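Engineer: So you can see what is in the structure, the chains are spelled out below.
2 protein chains.
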Amino acid sequence: MLNFDFYSPTKIFFGRERENEIGPIIKQYGFKKILLHYGQTSIKKTGLYDRIVASLKEQEISFVELGGVEPNPKVDLVRKAIQLAKAEQVDLILAVGGGSVIDSGKATAVGACTEEDIWRFSMHELSPQKALPVGVILTISAAGSELSNSCVLTNSENWLKRGFNSDLIRPLFAIMNPELTFTVSKYQTGCGIVDIMMHTLERYFTDSKDVELSSYLAEGLLKAVIEAGKKTIENPHDYEARATLMLASSFSHNGLTGLGGKLYFTVHRLEHEVSGMFDRVAHGAGLAVLFPAWAKYVYKQFIGRFARFAYQVMDVSKDIKAEDAALEGIIRLEKYFQSLGMPVRLKELDIDETSFEQMAEKALGKNETLNGIIPLNKKQIIEIFEIAK
Amino acid sequence: MLNFDFYSPTKIFFGRERENEIGPIIKQYGFKKILLHYGQTSIKKTGLYDRIVASLKEQEISFVELGGVEPNPKVDLVRKAIQLAKAEQVDLILAVGGGSVIDSGKATAVGACTEEDIWRFSMHELSPQKALPVGVILTISAAGSELSNSCVLTNSENWLKRGFNSDLIRPLFAIMNPELTFTVSKYQTGCGIVDIMMHTLERYFTDSKDVELSSYLAEGLLKAVIEAGKKTIENPHDYEARATLMLASSFSHNGLTGLGGKLYFTVHRLEHEVSGMFDRVAHGAGLAVLFPAWAKYVYKQFIGRFARFAYQVMDVSKDIKAEDAALEGIIRLEKYFQSLGMPVRLKELDIDETSFEQMAEKALGKNETLNGIIPLNKKQIIEIFEIAK
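If you read the protein sequences in the order shown, they are chains R and L. For the first sequence, the numbering used here begins at 57 and goes up steadily by one. For the second sequence, the numbering used here begins at 57 and goes up steadily by one.
I should point out that these hints are in silico values taken from the structure, not numbers from a laboratory. Every clue listed holds true.
Copies of the same chain look alike in the list, so a pair counts if it fits in one copy or across any two.
Straight-line alpha carbon distances no greater than 20 Å define the calculated SDA-like cross-link-like pairs of lysine to any residue that follow:
no.: 1; residue 1: K67; residue 2: L224
no.: 2; residue 1: K356; residue 2: N433
no.: 3; residue 1: K89; residue 2: D147
no.: 4; residue 1: K83; residue 2: D223
no.: 5; residue 1: K318; residue 2: E73
no.: 6; residue 1: K186; residue 2: Y85
no.: 7; residue 1: K67; residue 2: D223
no.: 8; residue 1: K83; residue 2: K186
no.: 9; residue 1: K186; residue 2: Q84
no.: 10; residue 1: K186; residue 2: I81
no.: 11; residue 1: K186; residue 2: P65
no.: 12; residue 1: K67; residue 2: P189
no.: 13; residue 1: K67; residue 2: L228
no.: 14; residue 1: K265; residue 2: Y295
All values reported here derive from a predicted model rather than from experimental measurement.
Start from the sequences, fold in the hints, and give me the full structure.
Structural biologist: Below is the structure:
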């Protein structure tokens, strides 16, 4: 087990109707003026917007608002939000939505405390020294941004998608009512399930030794998600299944399932080039295509780990010998993704080999190789895209 | 899944030699004067005390100290610590030790912010409104007090052992170096393993439905602890096994393994009467005796849950039918406790039936029944003691 720090201070208010407590919760923290940040039209259609505003008004909490956050949130809108937060001297960013809105809110929280352009943080030229607190009302179970230290933005000038991590942007609180996710479409629900699983899979497939506790916790989380995912796709109004997904989304990306192991997030970095270049691609869909391809490319050098995954998580019989089991586990995962309605090949995303070289180059940036349990050079990255073709 | 709040803000600094960072860590938080609180002589014998003092002095952090915390920490010493904390106007309590020292430190943190006697909080006559921050350097993997909201004291006037819970007493930070636990005796290590498992078992055996995520996480944690416990007893210097136990101790009692389920902690409440009345009894040893007895008494009404435990955690073959498996799981757990060198009968603790009535009456206090998945009246509590005899 490697030495590590772990910090997950977000207070969770979980369950039915908890969003109606937003006014009293903010009042208790003592905030005076907030920026209400959200996405497209859905929170207005469902009446969530009205309930939040009513609760804020009842507690006489003053607020300004900025909607319009898109999937793969854009740095342009973040700049507008920062300007607004500064002009109005808000003391809390309240992000109502899923990972995109929360990430946009986190970037705003950092940007409001500096005169530097926020994109410089995404490019790792600067790291955050201060941030406003962020509160969350979660409406999509996927990114885990409600507990994570990460924030990913897309720049529409060069279609780069880049993230930065800082404990300063872990949300102060998150209100999580599974009922708010009943209206998430089947496709977005599928993307979310893949994203939740991937945050743990990227941690689980580490080359660090002796990470028994986090491995067992990871396997438990994955099993819970696989079962709940199936039930949610069958019945989008299954409260208990939605609740399991929502909780799992948070604990899959707060660090718990990777305690003491080295992190690479290789498949995420490959995927960022896909959904960065092709804005139509949902992050979860890109991951569903790329993880099985990456796994098929590397598993032979990590038979033990991939076989354990197959036996413990994918219910592969222990009578099957390790090497065959390892591959069978990957194939079952791919089939599971398909059963959720997810693509598992790049062609299903209308991406073909004419983009492979450029995507590989973007993933590498100025580096010779992309870090991972097997470091990947340009040729190897293209070979993975070929498997995913 | 029930609605719930979850809050576990403690920052963990985990790994080899991390205790040497204590000075810089406190400096970074900006504390000026601390109360260094510890137990008996062991931190002086091992040199830990000297390393801590050196690190504090190097950072010019001023401190006062109070050692002498006993197992089953006494309210008398807490009163002394409160007096000292007030007189010296300390702004951080640094608890160096295991659960007893941390609980003593937590009570001091509450007591330093009020004029009321601290025992009134233990008796639930008052609840904390404010507390000094508590930092921890952990030396025993057991109680999980380093992340928990709980604090248990013993009053040597009436030999009552009583606890209170508050998010205000969750430690600010915890430094966790598994090497510091190498010198913990085999017996105390065994007690610790039982205590760690019990914090999850008390959550796992709930009557709440649909707690899939926390159940899977609980099973994962228990499996990791069972394996690491075995290795630690065989080789007390096995860093990786000690590391698994230490991490598990924290996450077994911060709320994670019981998210969304109703909590009773019935066996803990029975055990508090045993180690409250018989101060020689270590908490973990009392639990090792009482849990299997309680489980044998109630399992027939919760066959499904106990069978799941048997199959998933205790490796009972799925060919064995549920009712038999449920009992077999309990028996295997009892044997596991024995293999750690733990007692599994009250007579091994020199407690016989002459004390049963009084222990049962103390456990009930003014109530007719003790809460639990099956509420227990006096007669039933005595029947459990009879099974444990």
